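Colleague: Chain residues, written in single-letter form:
Number of protein chains: 2
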Amino acid sequence: MGRKNIKIGLFGFGCVGFGLYEALQKTPSLKTNIKRICVKTKNKQRPILNEHFTFDKNEILFDNEINTVVELIDDADAAFEIVKTALQNGKAVVTANKKMIAEHFTELLDLQKKHNVPLLYEAACCASIPIIRNLEEYYDNDLLESIEGIVNGSTNYILTNTSLKNISYNEALKEAQEKGYAETNPLLDVAGFDAKYKLIILIAHAFGIVTSPENVFNIGIDKLGELELNYAKEKGYKIKLIAFAEKKEDGKIVSFVLPKFINKNDKLHSIDDVFNAVKTKSYFSDTQFFIGKGAGAYPTASAVLSDISALTFDYRYEYKKLNNVDSLENDNKVFLKILLRYDLNSIDELKDYFIELNESYQNFNSGYIIGVISLKRLKFVSTISNISVVLFDVVKQVEFVNKRNLNKSLEVA
Amino acid sequence: MGRKNIKIGLFGFGCVGFGLYEALQKTPSLKTNIKRICVKTKNKQRPILNEHFTFDKNEILFDNEINTVVELIDDADAAFEIVKTALQNGKAVVTANKKMIAEHFTELLDLQKKHNVPLLYEAACCASIPIIRNLEEYYDNDLLESIEGIVNGSTNYILTNTSLKNISYNEALKEAQEKGYAETNPLLDVAGFDAKYKLIILIAHAFGIVTSPENVFNIGIDKLGELELNYAKEKGYKIKLIAFAEKKEDGKIVSFVLPKFINKNDKLHSIDDVFNAVKTKSYFSDTQFFIGKGAGAYPTASAVLSDISALTFDYRYEYKKLNNVDSLENDNKVFLKILLRYDLNSIDELKDYFIELNESYQNFNSGYIIGVISLKRLKFVSTISNISVVLFDVVKQVEFVNKRNLNKSLEVA
Chain A
6 MGRKNIKIGL FGFGCVGFGL YEALQKTPSL KTNIKRICVK TKNKQRPILN
56 EHFTFDKNEI LFDNEINTVV ELIDDADAAF EIVKTALQNG KAVVTANKKM
106 IAEHFTELLD LQKKHNVPLL YEAACCASIP IIRNLEEYYD NDLLESIEGI
156 VNGSTNYILT NTSLKNISYN EALKEAQEKG YAETNPLLDV AGFDAKYKLI
206 ILIAHAFGIV TSPENVFNIG IDKLGELELN YAKEKGYKIK LIAFAEKKED
256 GKIVSFVLPK FINKNDKLHS IDDVFNAVKT KSYFSDTQFF IGKGAGAYPT
306 ASAVLSDISA LTFDYRYEYK KLNNVDSLEN DNKVFLKILL RYDLNSIDEL
356 KDYFIELNES YQNFNSGYII GVISLKRLKF VSTISNISVV LFDVVKQVEF
406 VNKRNLNKSL EVA
Chain B
6 MGRKNIKIGL FGFGCVGFGL YEALQKTPSL KTNIKRICVK TKNKQRPILN
56 EHFTFDKNEI LFDNEINTVV ELIDDADAAF EIVKTALQNG KAVVTANKKM
106 IAEHFTELLD LQKKHNVPLL YEAACCASIP IIRNLEEYYD NDLLESIEGI
156 VNGSTNYILT NTSLKNISYN EALKEAQEKG YAETNPLLDV AGFDAKYKLI
206 ILIAHAFGIV TSPENVFNIG IDKLGELELN YAKEKGYKIK LIAFAEKKED
256 GKIVSFVLPK FINKNDKLHS IDDVFNAVKT KSYFSDTQFF IGKGAGAYPT
306 ASAVLSDISA LTFDYRYEYK KLNNVDSLEN DNKVFLKILL RYDLNSIDEL
356 KDYFIELNES YQNFNSGYII GVISLKRLKF VSTISNISVV LFDVVKQVEF
406 VNKRNLNKSL EVA
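The listed protein sequences correspond, in order, to chains A and B.
Okay, so the first sequence: first residue is 6 according to the working numbering, each after it adds one.
Okay, so the second sequence: first residue is 6 according to the working numbering, each after it adds one.
Errors might be hidden in some of the hints.
[Claimed, not checked] According to the in silico footprint, chain A covers these stretches of chain B (three or more CB under 8 Å from chain A): (1) 30 to 41; (2) 232 to 245; (3) 291 to 303; (4) 365 to 377.
In short, the hints are calculated from the structure, not lab data.
The structure displayed is predicted, hence computed values, not measured ones.
Yeah, the Cβ is synthetic: ideal placement off N, Cα and C, and Gly gets one too.
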């Protein structure tokens, strides 16, 4: 089979864009070239000749010679407009923009179908880890039970530094930004939104369910404090920001993004710095791990390169599982064992939200409760200021040994 | 795109065959069924109805209704005859037989081409880890630098037990066989042949080079003794059987199977029991790991299932890199830092084979030498009885600090 000739129009020439440019130079066998690069800022010193650049997106979007658009800009709204027009004009698209995909999943599926063109986005999930391709191709059956992953490189870098170097959260964040591991808007990373966008993409390819950001609950690492960091240290845990999705027996999906205590026997325990890892669990093959760098120009560029290469063989996602009619589980039926740290709020009020209490601790300025709470109540509790939440695990069997007499006023339908 | 209808003729109904049977029951969406199963032994109690079975291979190979042959028997020679006839008759084939593939690679490539039918064999390499698919699809470029892996589940199980439970090598081997993790002929596993067959498959898909078993050097774990096991323990290493292949700058491939000291910072250190792991290193994406169960009925069956599913979408390996003209590196130009343990052989004679000596130790009944040796000389040394070899690393820069005056009679052209 002959390889298709790819002529690229590139949007964005930040560190990933330049990384891609270099990667293409290193892969002559791909016989692919970048015809034009659209950038925003004029009069900026750039590492390659000015003649390659344009400031007018239409010079790419309406150039018939360009058959592939690679979109690597920051702004998700502008990215969507570019991708949409490109697909409408029959161009294949490669993008790394998880926010854009998660927010416009259904439209992007429709556009691909209507205009019969592929949209690939391996770089949007865990940079260099080929997880979408594996969910799409290798786990294209009904046997996948769960995915759990460290999917955000910058928070993992921050957490690693906070725990290993004993520096503060703010210092670690600053260092991550200086190294180019954190997004321009740090809240996207540290509050767990970036991880959530990736989880939404993973859920679509793992379980065939398209959902939107407001349906998946996320807590980030930005509220983590000394008490729970020390708790983790004392018990031999590490805290990692985890994106989780699991298919229950009735086909319903449980999903969230939460900081989680990871014990030493879990292979996720050794995933530090900007490494990402996705753990899959399936009925017959048991647990599998995909590990690789999840942030940085080159790892991201290498995933983009792989998508471009796949296009030369007319590859496209088949979205084989999308016919599944399964849906998200009711938050009221999801139970989580968590540690809830509070700063001298009313502990008694907080206790009432738990369906089971296991431990509580208090010193002169803060305390924690360990117990089981429903996801629905956790969503509410998480809006209280000065609290922090770390997950132990999803509680599968709702057999609560110390089941409390629930406060009637908090009962949820 | 519609899915192709698959009607299977299955050869072999051992634990993997039965695992596949169960997996197919669990995946109704695949709409695939097994029409007939060919087995060798008559009058054996089997978990499903007798009417499914035949003892005549031609009842599958010449049944026009069967479009896919799944070959899961032990005997590599018999397997090749089955696979060959199936391909000649235009049937797609899925196999898990690494020995058969490694020994007949070129013929199998020719048969696929001539009869325009796919042969898939994900289960032949690291059972449940989708490594062939990833090498084929995701690393389909020139940027892959090396692959290094724990690719044999039973030796890893034995090594884990030997080191953790402090039981002898023989006890650990017996336990592995009882659990069904070791092949019928244990030498295939413990002497590193199974790992070598897998490495040959990996090299073809990673670097586009087809080589044969006699060209890849292997030392297994069957000669490991107390001295080097204790050495590892004292230094905080684990010994793992490693399959290694690396592309040098001139395109030449260095490859071998050897026991290797793995230090705590290497993610391969935590790969225990029957888990396998493949570490890839590529120019831009840095280090990546694929981890999963590498032995056992279900993990293997799940890989076979995935291949069957891929066939419903007309998937086939493109062998995209096979045009590469690179070849294996001259053994004389490959330098390895090793520990060589001997049982009171003539240490002086052994020392002469080393190009650099770093350490030596001797007690009343055995001793070891640590130093740098060429692969060519190692091949010769390994034929001496009562020695054992553990790799530290490939030596890249041949800048020997303590370079010896080589014994002229051992100089190799």
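Colleague: Against this structure, judge whether each hint is valid.
Modeller: Results of checking the hints against the structure:
Coverage of a stretch by a chain is defined here by at least three residues with a beta carbon nearer than 8 Å to that chain's beta carbons; for the segment 30 to 41 of chain B and chain A the count is 5, and the condition holds. Counting residues of the segment 232 to 245 of chain B whose beta-carbon sits less than 8 Å from any beta-carbon of chain A gives 0, not enough to reach three: the coverage restraint is violated. Remark: the segment 291 to 303 of chain B is confirmed as covered by chain A, as 9 of its residues place a Cβ nearer than 8 Å to a Cβ of that chain, reaching the required three. Counting residues of the segment 365 to 377 of chain B whose C-beta lies closer than 8 Å to any C-beta of chain A gives 0; at least three are required, and the coverage claim is violated.
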